[in-house]
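Could you build the full structure based on these sequences and the hints that come with them?
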Amino acid sequence: MTYLAFRNLFQQKFRLALSIGGVALAMMLVVLLNGFQSGIFQQVTAYLDHTPADVVVAQEDVTTMLGSTSLLPASAADLARSVPGIEQVIPVVSRFIILDIHEKKVVAYLVGYEPKVGGGPWALKAGRPPQDDREVVVDWVMAETHNFGLGDTLEILEEDFTIVGLSEGTNSWMASFIFIEKRAAERLLLTPEATSFLFLTFEPGTDATAVEARLRRRLREAEILPVAVIKQNDVALLVKVFATPLRLMVAIAFAVGTAILGMIIYTATVERIREYGVLKAVGAKNRHLYGLVTQQGLVIAMAGVILGIGLAWLAGQGIMRAFPKFLVILEPGSMLTAASAGLVMGLLAALLPARYVGGLDPARVFRK
Amino acid sequence: MFYLAWRNLAQSRTQLSLGVGGVALALLLMLALDALLTGTGENLVAYITQSGADVFVAQEGVKNMHMAASAITPRDVSLASHADGVASASPILYMAGPVKAGGAEVLSYIVGFDPGEPLGGPRQVVAGTAALREDEAMVDGVVARGLGLGLGDQVEILGETFTIAGLTEGLSNIINSVTFIRLQDFQRLSGSEAVSYALLKVKPGYDPGIVAAAITARNGDDVNALTRPDFAREERQIIQDMSVEVINIMNLAGLLIGLAVTALTLYTSTLHKRQEYGVLKAIGAKNWQLYMVVVAQAFLSLSLGAGLAIGLVWLLGLVLPLAIPNAALVLTGQAVIRVGLAALLIGVIAALAPAWQMARLDPASVFRG
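Protein chains in written order, with my numbering: chain S, 1 to 368; chain P, 369 to 737.
Simulated from the structure, these hints should not be mistaken for laboratory data. By construction, the Cβ of each residue, glycine as well, lies at the ideal position given by its N, Cα and C atoms. A couple of the hints might just be wrong.
To be verified - No farther apart than 25 Å at their CA atoms in a straight line, the calculated lysine to aspartate or glutamate pairs in the DMTMM-like style are these:
{"hint": "1", "chain 1": "S", "residue 1": "Lys104", "chain 2": "P", "residue 2": "Asp609"}
{"hint": "2", "chain 1": "S", "residue 1": "Lys104", "chain 2": "P", "residue 2": "Asp598"}
{"hint": "3", "chain 1": "S", "residue 1": "Lys104", "chain 2": "P", "residue 2": "Asp589"}
{"hint": "4", "chain 1": "P", "residue 1": "Lys468", "chain 2": "S", "residue 2": "Asp61"}
{"hint": "5", "chain 1": "S", "residue 1": "Lys231", "chain 2": "P", "residue 2": "Glu473"}
{"hint": "6", "chain 1": "S", "residue 1": "Lys325", "chain 2": "S", "residue 2": "Asp152"}
Stated by the list, open to error - Chain P is faced by these chain S residues, among others (derived, beta-carbon under 10 Å):
{"hint": "7", "residue": "Phe36"}
{"hint": "8", "residue": "Thr63"}
{"hint": "9", "residue": "Phe96"}
{"hint": "10", "residue": "Asp100"}
{"hint": "11", "residue": "Ala255"}
{"hint": "12", "residue": "Ala259"}
{"hint": "13", "residue": "Phe323"}
Stated by the list, open to error - Some chain P residues flagged as far from chain S (calculated, every beta-carbon gap over 10 Å):
{"hint": "14", "residue": "Ala373"}
{"hint": "15", "residue": "Gly420"}
{"hint": "16", "residue": "Ser446"}
{"hint": "17", "residue": "Pro486"}
{"hint": "18", "residue": "Gln492"}
{"hint": "19", "residue": "Ala499"}
{"hint": "20", "residue": "Gly516"}
{"hint": "21", "residue": "Leu519"}
{"hint": "22", "residue": "Gln522"}
{"hint": "23", "residue": "Thr700"}
{"hint": "24", "residue": "Val704"}
In structure tokens form, the structure reads like this:
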């Protein structure tokens, strides 16, 4: 039966190529979309991944860095520093802002930090950190996209800043990080001496639980969370944002692949109706014919999955080269999911033709 | 030609369904994401477009509400209210933050408005009241239902407990809901008298554009005034500019998949009809005439597919909000035209392979079998 399945498939090589191509494109889309999502998740936690912190202090009830506005009172940093067991306190003022660049809306995450303390860019592709309150470090991808370079002027909330540095690893599809001095951010956002977040590092060997308890007593109306929890919450927020469009596109891509596969297997089955009639007449059982049809579906599906994963990798490389703000990460888990989806696709596509051959009356075939 | 093309297509209903269905789904890839993002964009600007305000005053350099930070002083609001042509100026505070209830948390844009002012609060009240008192809030009806809340229940906003006094609808999107509290409560919790925006009503007979320009010119160092349509356009542009590359990638994917499906359908159908085409050639039909049959098949198949795709978007628009609260799909004329052009391109290219088959077809070999 397997040999027969292959003979059926390979009789029309052009048609086989088209069908594998169609399934591969659909699977490519599924893998690519999941790759987009994985890339965004990595980009989104990049700041917290590279800023030294054991816990993050935010305004009460604020449990994400990217989802809510946070404002702590001026005294929060000093109160935190006074807690025994705290080695370092990094205060930042941060918020999403919209830049109008060349008549386009560019979403940026503004971070105002103290260069001597930390909380700024962790890697510079060119230039240096800001040294006064009219200087800015922007992500190099954002700079390249909008034709900015070192020494150019960037208007932020109607104030001109000179670009003195280009940071690396601070970009995402949604928004890029831009860094200015904390006092400049306070001025722009009209929040004198305020802080959005405090990143606290514990002294080595300290009892973290005891230090956290002391922090909660000192900073009563603040949210104090381990940095891992904040990262998790930021990712969860993005899952919520992207889940709907992603699942919709993946569902459609899966349906397209199944339709293509169903069409080719059904057509191949109908073309061979006499042969199936003969097989049935000489004693082949329905399950043999189901097996024949299913094998054809699975062969095309698996070939499509393998080609689709290859196309997804190529497409991902191409997209990242053309649009550096995108990061496409193809994880083994998502490829396994794609392979499973391909398997299901092959089985579903074989249902209709299997039903067709199951109801076949050999005598009727010979009358035709 | 069309009759023959239709007979070729419709001979096998199953194959026709699968072929047209495949094309429809490929075109749906191009339409669905665009419709979802447009719908999200419309939800995003709902507060602006339904506010009743003619002009929005924001901090200098700020032309948006979402993902923007704006702060203006009570003096800025007062100056704006006394500008020529302004009937009223209603201040609001606006911030992204969590709304918590019973262990669950929903991200929300929190709007602090003065119930005594004509503008700033929700225009649609589905239950309760918008005349909020101290420590009362209005939440989105869909969100409330999702959290199992109703009038009189309590929620935590900005670390404080508020009682739900009213329910709104139509202002939330798949990312954020919108929650209203009193401006005075918001200012107390934030410890500042600054506000985010001022919503202005313009007197009859005055042009909002001229009023906005005058306000910007008069205190342009501190504020920026935009008419409601301009402010909404700036807001929609955020989604458009953020998503243009992703939409293009989806369009390309849809185009390629649509091409594969249509090429497959036409090629298979032509293969089945080899004998008939051979007969036609034998009795004098020219290649271009047979090619026109294939083109007509492509046109019919793609038209049906495009129509089905548009129908599916409409259906998704009805079904999706039932599964995902505040999700909205809006199909634009531009998207339909884009899909139409894509279908045309697909049809022209996909017909090439069968055209090559026809050109090579030797009528005598067909009869040999």
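Taking 10 Å as the cut and beta carbons as the points, is Leu519(P) off the interface with chain S?
Answer for Leu519(P): holds, closest chain S Cβ roughly 23 Å.
Verdict on Thr700(P) as a residue remote from chain S, using beta-carbon distances over 10 Å
holds, 17 Å
Should the label of Pro486(P) as a non-interface residue stand, given a Cβ cut-off of 10 Å to chain S?
holds, 26 Å
Interface hint for Phe36(S), Cβ within 10 Å of any Cβ on chain P:
Because about 8 Å separates Phe36(S) from the closest Cβ in chain P, which is inside the 10 Å limit, the hint holds.
For the restraint on Asp100(S), tell me whether the closest CB of chain P is nearer than 10 Å.
holds, 7 Å
Hinted pair Lys325(S) and Asp152(S), Cα distance within 25 Å:
holds, 21 Å
Interface exclusion of Gly516(P) relative to chain S, criterion Cβ beyond 10 Å:
holds, 19 Å
Quickly compare the C-alpha distance for Lys104(S) and Asp609(P) to 25 Å and report which way the hint goes.
Distance ~6 Å between Lys104(S) and Asp609(P) Cα, so the pair holds.
Pair hint Lys104(S) and Asp598(P), alpha-carbon separation not exceeding 25 Å
holds, 14 Å
Are Lys468(P) and Asp61(S) close enough, with their CA atoms no more than 25 Å apart?
Roughly 8 Å between the alpha carbons, so the hint for Lys468(P) and Asp61(S) holds.
With the threshold set at 25 Å, check whether the alpha-carbon distance from Lys104(S) to Asp589(P) stays at or below it.
Answer holds: Lys104(S) to Asp589(P) is near 23 Å, not above 25 Å.
Verify the proposed pairing of Lys231(S) with Glu473(P), using a straight-line Cα cut of 25 Å.
holds, 16 Å
Comparing the model with each numbered hint stated earlier shows that all of them hold.
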